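Participant: Take a look at the letters that make up each chain.
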Amino acid sequence: MSERINSAWSPSSREIQRRGARKRISRRQGFIAAVSTLLVLGTLISITVTSPGWAVVKKTFFDINYGREVFPTVIAGLWINLQLTFIGGFCIGVIALGLALLRTTKSPALTPFRFLATAYVDIFRGAPLILIILLVGFGVPALRLHGIPSNVIFLGTVAVVLTYSAYVAEVIRSGILSIHPSQRAAARSLGLTSGQTMRYVVLPQAIRRVVPPLLNDFVSLLKDTGLVSILGVTDAVRAAQINASRTFNYTPYVVAAAMFLLITIPMTRYTDRAIRARTNAQSSEGVI
Amino acid sequence: MSNVLELSNIRKSFGTELVLNDLSLSVPEHTATVLIGASGSGKSTLLRCINLLESIDDGQIFLDGEEISDPLINVDEVRRKLGMVFQSFNLFPHKTVLENITLAPVKVQGKNKDEAVTAALALLKRFDLSDKADQYPDRLSGGQQQRVAIIRSLALNPRLLLLDEITSALDPVLVNEVLSIVRDLKSDGMTMVLATHEMGFATQVADEVCFLESGNILERGSAEAVLHAPINPKTQEFLKRVHQAGRL
Chain A
1 MSERINSAWS PSSREIQRRG ARKRISRRQG FIAAVSTLLV LGTLISITVT SPGWAVVKKT
61 FFDINYGREV FPTVIAGLWI NLQLTFIGGF CIGVIALGLA LLRTTKSPAL TPFRFLATAY
121 VDIFRGAPLI LIILLVGFGV PALRLHGIPS NVIFLGTVAV VLTYSAYVAE VIRSGILSIH
181 PSQRAAARSL GLTSGQTMRY VVLPQAIRRV VPPLLNDFVS LLKDTGLVSI LGVTDAVRAA
241 QINASRTFNY TPYVVAAAMF LLITIPMTRY TDRAIRARTN AQSSEGVI
Chain B
289 MSNVLELSNI RKSFGTELVL NDLSLSVPEH TATVLIGASG SGKSTLLRCI NLLESIDDGQ
349 IFLDGEEISD PLINVDEVRR KLGMVFQSFN LFPHKTVLEN ITLAPVKVQG KNKDEAVTAA
409 LALLKRFDLS DKADQYPDRL SGGQQQRVAI IRSLALNPRL LLLDEITSAL DPVLVNEVLS
469 IVRDLKSDGM TMVLATHEMG FATQVADEVC FLESGNILER GSAEAVLHAP INPKTQEFLK
529 RVHQAGRL
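Residue numbers (the working numbering), protein chains in the order written: chain A, 1 to 288; chain B, 289 to 536.
One chain only, chain A, in its complex shape:
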């Protein structure tokens, strides 16, 4: 309940002096930042442009006309990456939530599943994604099971989902464990069962808390869908590769990289903002 600001107030001469000093300081800092930026960027650019191989690099990596030519095929490939990301992301969310809940439950009937969930997370969190993609992509079709599609897009997605579910499960589990036991005690003392306590009290708070790290994982997921290209899926990476190996001009790689960045940079910026908002909210928690 602050008092209303007195309208008759005008700053004292000391305050006017201070404002002047602050303005001078910030002007000087702006000048230093500008000079430093120009110096560093200028040096980097001049080193690159004056290097002996620059003419060749410019032609093989930054050929604008060729870039324009391959753009449609790269974009078509990127569409595959995006589909993989969203469909995979949904499956990952569901599986990871299940794994996290299994790992945090104390129910005796679920003991074997708890062990399995722990083993699953250990294995898929510890093995390189590219190996899982190769093993699933080439191993599963070799089993010749009926009813399992041998479509490489499907198998690639499965491999990515298997691995990311383990990562995301750990993030969600850490969120669940971060909720203070007093919340659980309060819910249980109201007569809520342990399941109800998880569903209505713990999980909603836990998920809110882990949204920023989950957004991080989502950005990684989009990038890592590029790895399914090793199975022959014509995604953005593969499309660029095909074009590049046809002409020995590597501009398509740069185009593909630029396309990924166009999506991931706004996402990471947004994530950073979400993390900052979260930190601010936490620091004001508990203040009366």
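Hint data in this document are derived by calculation from the structure and do not stem from the laboratory.
One or more hints might be untrue.
Ranges between beta-carbon positions, derived for each pair [said to hold, decoys possible]:
{"no.": "1", "chain 1": "B", "residue 1": "Gln532", "chain 2": "A", "residue 2": "Pro112", "range": "58 to 66 Å"}
{"no.": "2", "chain 1": "A", "residue 1": "Val211", "chain 2": "B", "residue 2": "Asp345", "range": "40 to 48 Å"}
{"no.": "3", "chain 1": "A", "residue 1": "Val35", "chain 2": "B", "residue 2": "His382", "range": "45 to 53 Å"}
{"no.": "4", "chain 1": "B", "residue 1": "His382", "chain 2": "A", "residue 2": "Phe248", "range": "54 to 62 Å"}
Derived lysine-lysine pairs resembling BS3-like cross-links, with alpha carbons at most 30 Å apart [unchecked claim]:
{"no.": "5", "chain 1": "B", "residue 1": "Lys413", "chain 2": "B", "residue 2": "Lys383"}
{"no.": "6", "chain 1": "B", "residue 1": "Lys413", "chain 2": "B", "residue 2": "Lys395"}
{"no.": "7", "chain 1": "B", "residue 1": "Lys395", "chain 2": "B", "residue 2": "Lys420"}
{"no.": "8", "chain 1": "B", "residue 1": "Lys383", "chain 2": "B", "residue 2": "Lys399"}
{"no.": "9", "chain 1": "A", "residue 1": "Lys106", "chain 2": "B", "residue 2": "Lys395"}
{"no.": "10", "chain 1": "B", "residue 1": "Lys474", "chain 2": "B", "residue 2": "Lys399"}
{"no.": "11", "chain 1": "A", "residue 1": "Lys106", "chain 2": "B", "residue 2": "Lys383"}
{"no.": "12", "chain 1": "B", "residue 1": "Lys401", "chain 2": "B", "residue 2": "Lys383"}
{"no.": "13", "chain 1": "B", "residue 1": "Lys369", "chain 2": "B", "residue 2": "Lys395"}
{"no.": "14", "chain 1": "B", "residue 1": "Lys399", "chain 2": "A", "residue 2": "Lys106"}
{"no.": "15", "chain 1": "B", "residue 1": "Lys369", "chain 2": "A", "residue 2": "Lys106"}
{"no.": "16", "chain 1": "B", "residue 1": "Lys522", "chain 2": "B", "residue 2": "Lys474"}
Part of the chain A face toward chain B, derived, beta carbon under 10 Å [what the hints assert, rightly or not]:
{"no.": "17", "residue": "Leu143"}
{"no.": "18", "residue": "Ala186"}
{"no.": "19", "residue": "Ala187"}
{"no.": "20", "residue": "Thr193"}
{"no.": "21", "residue": "Arg208"}
None of these values were measured; they are calculated from a predicted model.
Here a beta-carbon is modelled for each residue, glycine too, at the ideal position from N, C-alpha and C.
Since the structure of chain A is provided, determine the placement of chain B on it from the hints.
Facilitator: Chain B alone, transformed into the frame defined by chain A:
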């Protein structure tokens, strides 16, 4: 008068530390039993044991004559009959005041939503918090949060209310608004067990005051007797220290 709560020879230890040592207590209906004693004397643990948030090592706990320390008992059903209010409020931060209060009546007692909301609003009105119904807990003062926490446990019409140092986290100005609710409940005939450091308040509401020291009740009796004419030297010593701290 029948006893709502009956504790006989309760024993509880954490590791090698004995927290409750052969403690017995009876709480008749419509009475308030006040637990006093230094921090670590076992007050909070006793309340948590009654609510089955902690398991006891020996002894028996009876609620309305039924043994609730039986491992085969349905703990959720027992807790429905017991209200508990904590020192640190423990409101659910992601739910509004109204949602905090109606969660258990709807999910635990199976009341329909409208009915629960009407009952909750009536309680909020009674305790002067109507305008806070749709606020989130972090927008409330400590005193308001604790009043909401009390209302939350009242919404289940508990047989017995357990209050664990509910004013210890509040600044002195806010203490009274919380204690006045408890006085109201006392005059309504609510059966209560409360741990507190507010000796003046204890004098007002207590039918029985129990002084706890290293897990046992060293002295018990009316507030007049225990707080103003204690016999046990340890009680005298404790009250002297409370008095020196300016809390009597």
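Participant: Quick one, are Lys401 of chain B and Lys383 of chain B close enough, alpha carbons at most 30 Å?
Facilitator: Answer holds: Lys401 of chain B to Lys383 of chain B is near 15 Å, not above 30 Å.
Participant: Does the hinted range 58 to 66 Å hold for Gln532 of chain B and Pro112 of chain A at CB?
Facilitator: holds, 60 Å
Participant: So, Leu143 of chain A near chain B? Judge it on the closest CB pair being under 10 Å.
Facilitator: Interface hint status for Leu143 of chain A: violated (46 Å vs cutoff 10 Å).
Participant: Take the C-beta atom of Val211 of chain A and the C-beta atom of Asp345 of chain B, compute their distance, and say whether it sits inside 40 to 48 Å.
Facilitator: holds, 43 Å
Participant: Given a cut of 10 Å on the nearest C-beta pair, is the interface hint for Arg208 of chain A held or broken against chain B?
Facilitator: Where the cut-off is 10 Å and the nearest Cβ of chain B is about 7 Å from Arg208 of chain A, the hint holds.
Participant: Quick one, are Lys413 of chain B and Lys395 of chain B close enough, alpha carbons at most 30 Å?
Facilitator: holds, 23 Å
Participant: Mind checking the alpha carbons of Lys106 of chain A and Lys383 of chain B for me, to see if they're no more than 30 Å apart?
Facilitator: holds, 26 Å
Participant: Lying within 54 to 62 Å: is that true of the beta-carbon distance His382 of chain B to Phe248 of chain A?
Facilitator: holds, 57 Å
Participant: Does Lys369 of chain B pair with Lys106 of chain A here, judged by a C-alpha cut-off of 30 Å?
Facilitator: With a Cα-Cα distance of about 25 Å, the restraint between Lys369 of chain B and Lys106 of chain A holds, given a limit of 30 Å.
Participant: Given the hinted pair Lys106 of chain A and Lys395 of chain B, is their alpha-carbon gap at most 30 Å?
Facilitator: OK: Lys106 of chain A and Lys395 of chain B at ~21 Å, within 30 Å.
Participant: Hey, does the Ala186 of chain A contact hint survive, CB to chain B under 10 Å?
Facilitator: The hint holds - Ala186 of chain A has a Cβ within 10 Å of chain B, the shortest such distance being about 4 Å.
Participant: Is the Cα-Cα distance between Lys395 of chain B and Lys420 of chain B 30 Å or less?
Facilitator: Roughly 22 Å between the alpha carbons, so the hint for Lys395 of chain B and Lys420 of chain B holds.
Of the numbered hints given earlier, the model fails hint 17 alone.
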